[in-house]
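Colleague: Residue strings, one per chain:
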Amino acid sequence: MSIPAALPAAVADSNSTDILAIANSPFLWACAVGVFLVIVLQSIIYLKAADTAAPHVGMTKDELKTSFRAGAISALGPSLAVVMVAVALLTVFGTPAVLVRIGLIGSVSYETAAAAIAAKTAGAELGGPTYTQAVFGLALAAMSLGGAMWMIATLILTPLLKRGDSALRKVNPAIMLVVPGAAMIAAFMVLGLGELSKSWLHVVAFVSSAAIMTVLMLIAKRVNKPWIKEWALGIAIILSLAITYAATRLP
Amino acid sequence: MSNMTQVHQALGAFDKTTSRWGRITMIMGLFFSLAAPAYLVFFAGLDITISGILTAFGALAAVFGVIWIVEPLTYFPILGAPSMYQAFMIGNISNKLLPAAMIAQSTIGVKAGTRKGELATIAAICGAATVHLLSLFIFVGLLGTWLVSVIPVDVVHTVQLYILPTVMGAVVVQAIVSQKAPRSAVIALVVSLIVVFVLVPLIPGFALYATAVAVISTAALAWLLRDRSKLGAPEDVTAETELPEGPVY
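Protein sequence lines, in the order shown, are assigned to chains A and B.
Position one of the first sequence corresponds to residue 770 (my numbering), numbered consecutively onward.
Position one of the second sequence corresponds to residue 24 (my numbering), numbered consecutively onward.
Be aware that one or more of the hints could be misleading.
Straight-line distance between alpha carbons at most 27 Å, and here's what the computed DSS-like set of lysine-lysine pairs gives [as the list claims (entries may be wrong)]:
# : chain 1 : residue 1 : chain 2 : residue 2
1 : A       : K817      : B       : K39
2 : A       : K817      : A       : K931
3 : A       : K931      : B       : K39
4 : A       : K834      : B       : K203
5 : B       : K134      : A       : K830
6 : A       : K990      : B       : K39
These are calculated hints, taken from the structure and not from any lab test.
With the hints as constraints, model all of the structure from the sequences given.
Modeller: Have a look at this one:
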């Protein structure tokens, strides 16, 4: 199916590699702003509800304010770390998709993995000459549907769990501890190792990033500074991209 | 009216408001997040087929399907029902929202799982959301395009080409460290090496299923080869004590 682009702003061309022409289109921006506003609305309603309920559980307004402030301050580091990664991904996914998928609902690891898997099913890869506008559209659709599954699971499970909190402990034995963790490590590992056969520069990118992350994790453990862990992903991505860039300039 | 019934009523009203509006706002968020790709697929004039989307989604489900269910199950006992709707829309749960909630609770000296703890969690997540939305809005929304525009073209090109191996390199290490499951990590490594360097080159067309096959076989092997002395009895393993500490989720 191909309906001719009715909007002058959307310069759609399935085979064009000018991703940003479509990724930064006004409609996508409107959707991103929509998600922002929904979270603002939710926060206002929740704060009001908490404010009303607080005195009844012996909680003062001051304690509520302190909680808000503690949450805000502790989010400074992680938020700026997310921002750093988000900016690095702007040229791959465009601003609206980065804001919603990587900045909010999802996270950089799942979303990048999801986009790569989706592109692969169309015989393409992210960022390369096969990464066309149509592949971007497919990747965004897959990322969004994947993210939607988390939300749908939350919508269905939360009321159920609220009713049967203790039932959770029975269905939450060893299988829940072993299987998801192993699946997650395998997913990232096979995607990472799959990059190695593409070119020696892909090897440089993967190995340097893994090495920097290892060093940062060791330092974080040695000096017991949790903020290093929060920043580790951002630092590792930026530094290893710099190393890879330097490697591309080699004669 | 006695004091107890008053408290009971107030908390009932609180539960009603948060569960109703938590759900409504989450459905609104779901709508906006799906409207963007729906526009690209149906109205932008791009050549994207529904069968192509289903194939991509199937590949994703094979890889992340378990996690879609397990994450909400894992976080429920820690966050409580109202904050579930906040957390899964704001994202970055383990690296930002959980620490925010825990710091808030320890600052005012309340315990998780109590009513006071629940309210502290809500306020903390609202605080974290405020900071997060502002920093995204300013540095990504307003300044992001400018930041990218001042970066030379060949640097942008490098980022586009090599972002996936750089993200995966760091994330693999982070996943291994935070999961604290060396046995699973070794199994994942062996399986991934076989899949990527033996099966994919040998079997034409296998690349499409490589990730799913690696994930499913690693999960199965990790379960079969688990340390039965440690993970035998279901009663002594609770979600709270075994929560992964790293920012992978």
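Colleague: Now tell me if each hint is right for this structure.
Modeller: Going through the hints against the structure:
no.	hint	result
1	A:K817 - B:K39	holds, 13 Å
2	A:K817 - A:K931	holds, 22 Å
3	A:K931 - B:K39	holds, 13 Å
4	A:K834 - B:K203	violated, 36 Å
5	B:K134 - A:K830	holds, 18 Å
6	A:K990 - B:K39	violated, 43 Å
Comparing the model with each earlier hint shows violations of hints 4 and 6; every other hint is respected.
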